[in-house]
Amino acid sequence: MPIRVHNTLTGRKEEFVPLRGQEVGMYTCGPTVYDYIHIGNARCLVAHDVIRRYLEYRGYKVTYVQNFTDIDDKMINRAHKLGWTVAQVAEKYINEYFADADALGIKRADVHPRATEHIEDMRRLVENLIKKGHAYEVGGDVYYDITTFKEYGKLSHQKLDELAAGSRVAVEDKKRNPMDFVLWKKQKPGEPAWDSPWGKGRPGWHLECSAMSMRYLGETFDIHAGGADLIFPHHENEIAQSEAATGKPFARYWIHNAYLNIEGEKMSKSLGNFLLVHDLRQKYDPEVIRFFLISAHYRSPLNFTEEGLSSAQSALQRLRNTVDNLEYHRQHSEREWMSDREKEYLPRLRQAREEFIQAMDDDFNTADALAALFDLNREVNTHLSGGISRELATRILDTYHELGEVLGILVQDRVEQQAGSEMTEELIKLLLEVREDARRAKDWPTADKIRDRLGELGVTVEDTPQGSRWKLS
RNA sequence: GGCGACAUAGCCAAGUGGUAAGGCAGGGGUCUGCAAAACCCUUAUUCCCCGGUUCGAAUCCGGGUGUCGCCUCCA
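Quick note on the working numbering: the first sequence kicks off at -18 and runs consecutively.
The set of hints was computed from the structure by calculation and includes no laboratory data.
Remember, predicted model here, so these are calculated numbers, not experimental data.
Misleading hints may appear alongside valid ones.
List of simulated lysine to aspartate or glutamate pairs, EDC-like, C-alpha gap at most 16 Å [said to hold, decoys possible]:
{"#": "1", "residue 1": "K410", "residue 2": "E443"}
{"#": "2", "residue 1": "K55", "residue 2": "E72"}
{"#": "3", "residue 1": "K169", "residue 2": "D122"}
{"#": "4", "residue 1": "K167", "residue 2": "D342"}
{"#": "5", "residue 1": "K112", "residue 2": "E132"}
{"#": "6", "residue 1": "K324", "residue 2": "E372"}
{"#": "7", "residue 1": "K264", "residue 2": "E246"}
{"#": "8", "residue 1": "K155", "residue 2": "D126"}
{"#": "9", "residue 1": "K181", "residue 2": "E72"}
{"#": "10", "residue 1": "K(-6)", "residue 2": "D342"}
{"#": "11", "residue 1": "K452", "residue 2": "D433"}
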C-alpha cells in the first residue's frame, strides 16, 4: 500500500513516490528565533515530526532539514529592544527552541541550517537570478520580477492579476510591479549587513529557504512543509526563485497544515492570547499537548481550549494506564510463556498495526490512527483483567511502543518512572505491606489512610486481583 | 472583490457511493471492604438547509446559509 499525501501544488491526494528510491529529502520552514515558540508553531512542528517519523517507520531514509531564520526585521527589532546583538538574540532563542521542541518530543533535524551561515549561497542565487533576467537591482535593493516567471501563482492557485487586484501592498516606485518581492535589502543604519555586488545589505526572507533547501537536498527534492499561511507569498516566492534559477522543479510535494486557534479566536498579539510552549509546559505535561495536537488531522483547523487539553489528558492517561498494567505483567506475571489461547491473540495485534498503518498511509491521518490504538486498547484491557503471561505482555508492549514511537507518545522513560531513590521505593513497599496487613485484618480506616496519604504524596495505590500496586501519579 | 477551506452527538473528532469509527463528558450496571483502574450497556433513524444524480449519498452535482483562512509580517 502506497502512502498518499495531499499536495498543495495539485490540490489532491497523491501517491507518494520519492525521487530517489527509499531516500526522502524533506524541508520544513523553521522558526524566526526572536522569541519563544508558540503553540501554533508547535502544531507545525508536531505535524511535520509525525510525518517524518512515519516515513522512517515505513522504511524511508529521511534527510530532514529545518532552518532557523536568524536575520530579518523581527530579529533586528528584538535585538534593539533588548540591547543585544542580533546574534545574541538568535543564540538565546535557538536554545529555547530546542528546550521546547525536545519537551514536545520533536526529533532533531539532520541539519538545522541558519540563514546567516548561508549568505554566500543566497548571494550566488541572487546573482544567478539577475543574470537570467529574473531580478533587477535598484539603488542597493534587488527585486524579483514576477512577470518573468510564468508559473507564478501555481502553488496558491491564483492568477497574477487576481493577486494584484487584492493586493494591499503599498506601491513602491522602485519596483517594476507591485507584487515584486525583495531578494536583497540594502543596509539601513545600525543593521547587520554583508557585502554584496549591490553594496552592503542582507537577504530577503524568502531567499533563505530556497538557498538552504537546495544546498542540503538538491535542486529538486521531495517534501516541503509549512503552515498554511506560508503558501502565499513565502512558498510561492521560493518556487519562483528556485525554479527560475535552476530551470528544474523545486519541491515535489508541498504539505501545509491548518491553523490553530485559541478558544475560537485567532492567536494574535493584539488579543493577548499568544500561548507560548515555554509557559504551557510548566502547566501541562508536554506529551498531553502533543497528544492534543495529533488528535485532529493536520489539515483541519484545530481549536486550542482548556477543555480540549483536559480531554486529551484523560485520553492519553487511558493508554498510559494500559501500558503501565502491561509493564506490570511483563515484570511480575506468574506465567512466563504464552498459552495456546493467548497465541490466538497475536493476529489481532497484527491487525491493529495494519489498521494503524492504513490510517497513516492516508495522508497521515493521526486521528484515525489513534482510533485504531484505542480499539486495541479496549481489547487488551479486557484480556488483562484475567492476567496474562510475561511473553504476551511483552509482545503487546512492543506493539504499543512501536506505534507510540511513530506518533511520539507513550515514550518509554516517561512510563517507567522511578520513585527517586531506592530508599523511597523500599519505604513505599513497606507502607503497602503494613496496609496489606491492615486489609487482612479488615482495618479499613488504617488501610484507607495509607492509601490516601500516599495519594497526597503523589503515589497512586491500586488494588487488583493480583495484589496491590503503586505508581507515581 | 479574488482564491480556498470547513459545517458530523453535550464537547473534540474520523469517515469521499453501501447504510454513522474513536476519545472526552454524562447516565445505568459489573468488579471492589470502599475506592481507583477496567469492562459491559446507554447518548446522532442521522451527518447546516433545499433541490438533483443513483437501486442506494454524510459522502457526487447545483443552489443557499454560516464559520474561518489567505490575498500584508505571521506556523
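Verification of the hints:
Between K410 and E443 the alpha-carbon distance is near 13 Å, which keeps this suggested pair within the 16 Å criterion. Under the criterion of a C-alpha separation no larger than 16 Å, the hint pairing K55 with E72 is consistent with the structure, at around 15 Å. With a C-alpha separation of about 11 Å, the suggested pairing of K169 with D122 holds against the 16 Å cut-off. For the suggested pair K167 and D342, the alpha carbons sit about 47 Å apart, so the restraint of at most 16 Å is broken.
Of the pairs offered as hints, the one joining K112 and E132 is violated, with about 19 Å between alpha carbons and a cut-off of 16 Å exceeded. Taking the CA atoms of K324 and E372, the gap is near 10 Å; set against the 16 Å cutoff, the hint holds. Only pairs whose Cα atoms come within 16 Å are accepted, and K264 paired with E246 is rejected, the gap being roughly 21 Å. Straight-line distance between C-alpha atoms of K155 and D126 comes to about 12 Å, which keeps the hinted pair within the 16 Å bound.
Pair hint K181 plus E72 does not hold up; C-alpha atoms about 24 Å apart against a cutoff of 16 Å. A threshold of 16 Å between alpha carbons decides the hint, and for K(-6) with D342 the separation of about 11 Å falls inside it, so the pair holds. Annotation: proposed proximity of K452 to D433 holds, straight-line Cα distance about 14 Å (limit 16 Å).
Hints 4, 5, 7 and 9 from the list above are not met by this structure, while the remaining hints are.
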